[in-house]
Amino acid sequence: MTDHPAQDLNDLHAPKPGELIFAILFLGFAAVMLSQLGDQTKFSSSGKLFAQPRFWSAVGVIGMVVFGALHLVTVLRPRVAGELAEAISWLRSLEYLVAFMVYVWAVPQLGYLPSTILFTVLLALRLGYRDRRSLLAAVATGVVIVLVFKTALSVKIPGGAIYEYLPAGLRSFMILRF
Amino acid sequence: MDLLFSGIVILARWDVLAALLIGSVGGVIIGAIPGVGAAVAIAILLPATFSLDPIVGLTALLGIYGSSMYGGAIPAVLINTPGTAVNALTTYDGYPMTKRGEGRRALSLAYSASFFGGVFSIICLIVLSPVLAWIAPQFGSREIFLAALLGIILVVLAHRGQIFAAGALACFGIWLNTIGMEPIQYTRRYTFDQSWLAGGVDLIVVVLGLFAISQAFLLLVDKDNAPKAAALSGGLFQGFAELFRHKRVAATSSAYGVLMGMIPGVGEFTAQFMSYTTAQRTSKNPGLFGKGSPEGLIASEAANNAVPSAAMIPLLALGIPGEALTAMMLSVFYVHNVIPGPNLFQNQMDFVVALYIALLILNVLVVVFLLMSTNLLLKIIQIPTRFLGMTILTLAFVGVYSLRNSSVDCAIAAGFGVFGFILKRVNLPIVPIILGMVLGGIMEAKLRTSMGRVKTPLDFIDRPIAFILFCIIVIVLASHFWRVWQAYQKGRK
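Protein chains in written order, with the numbering used here: chain R, 1 to 178; chain X, 1 to 493.
Fair warning: there could be bad hints in the mix.
Selected chain R positions facing chain X (in silico; Cβ < 7 Å) [said to hold, decoys possible]:
id, residue
1, 42
2, 56
3, 68
4, 90
5, 125
6, 127
7, 141
8, 156
9, 174
Just so you know, these hints were derived from the structure itself, not from any lab.
Cβ coordinates follow ideal geometry from the N, Cα and C atoms, glycine included.
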């Protein structure tokens, strides 16, 4: 940060690495969606233009194309170094997306408490937290989240399929609370 | 007086007060942790409040909404890292004061200025209530359509230097909102024959993806960082006395916060910069601004804390959110069967008064909590950022999955998480998408309703408020294009 807010505000709006690639991808997506406007929306012969099912989809998608194109023009110059490297760095988020989706898949199978503890501990290990204190903190985080949301606030998360193998009394308790 | 009593009765329940206390304290803690923020917390907790009584869920989330900026000042002042984005300006004067050994004084001033801004804003809200109660019922479909259109225009124009990107993202939000079954003729829009798209894209799923999951990805991918802050010794009351010496700055900045908060799409950043610039221009010591000026700190904190209550004005009176947090609060209201808009002021004024009282109580609770537990909060803000990312991702699951137990929702939210992550990396705004979704839905419904009675385009603006709103839209657009033209001419010379 600099000594003056106005200077930082200008820096904030200077093109950033990756913005050009983002602008190209966004415009491409908008153009594809615009090409589908006729197929994916209806225009009935009766009724006013504003009441057509197509009208607001058209407003949105035409706006995306027009503003997207103008945005692309503004980021063409000046060129910013590191465009491709930044775009590649976006792919690093996919690892955590996959981890998240595996967690989503695991909850109905293993149950909320076991899946959450496994998720926090494995993710902590992946992030480089290998000492005992950090791993205990990861377990505690998982347990506290389950206790607050499922046990105390009773949010709707189904019991795990694995709970079916528990004795009857414990099974219903685990399904309801963990 | 009857309304005041009714409002107190609504709040006088142990579970409501507990929710307000938990929300307020939780909001301060969340605001104090750099990288979390109220938007993430509200997005995660919103589905968890579905099972609660409406007033309990609402007060808990209102507590987080109204108190997070208080907490955000702590890391801004002590470690030069704003807890929430709107505390960024606080670092300019707060951190230099800390470097001079005046951390306690700076924090105390930040708390007192925040409290002043918050209470000033609530008083304005109360004073304006009769006016709102009179004006709100005069807003019919076309007036609400024009107000929503003005909101979208202001949101886009508020992103100076990024107007085209903001426009594209706002239109993306409008388009997203149209996906699924259209409610009048029951035709499908952009579903590509996929049954999971027939119900549309849920706003809460998008919000969780764009705010919570993207933030988790951002923290997980970046290098680990555990901020360090030294403990403070001594009391934090002195700022209240010092604030009194700078009462003009506090009042002007709070007034800017109220004014900017009331205008949809403008919000804290504009309020802060205007109040900061005014405070600097009128100060006897302008050279100290940016180098540890108490007036600069007061201007920043009073302005940003005056915004949340003021932003409730268009939300409560017209059902029009002005920024991302109020858009989320609108979802909160809808989920709990409270429909903001003209009818709220006509039929549920006691509920509105209860919200005002709740806002007032939360400001008092927060200041008392901060005065007693700042050193405890200093320990919490030292959580390593990647560990924080892991926690946010785990919490985001609860938010999305508990909506409908749908793994498709989780996949959509994760997809928006990656999209939000990219937007944050390239420093493009997320808020226009959310407001595009919310205001796009309002505009579609209201335009359809209003066009039934409109024969010629002029009929659309033949009522006084509609005409005034139309004139404001024309003036806003004309002044923008005039500025662009002047900048172009200047560039040619």
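Hint-by-hint comparison with the structure:
1. 42: 4 Å, holds
2. 56: 5 Å, holds
3. 68: 4 Å, holds
4. 90: Hint on residue 90(R): holds, closest Cβ of chain X at ~5 Å, below 7 Å.
5. 125: This hint is violated: residue 125(R) lies away from chain X, its Cβ roughly 11 Å from the closest one there, beyond 7 Å.
6. 127: 5 Å, holds
7. 141: With a minimum Cβ separation of about 6 Å from chain X (threshold 7 Å), the hint on residue 141(R) holds.
8. 156: 5 Å, holds
9. 174: 17 Å, violated
Consistency with the previously given hints fails for numbers 5, 9, ordered from lowest to highest.
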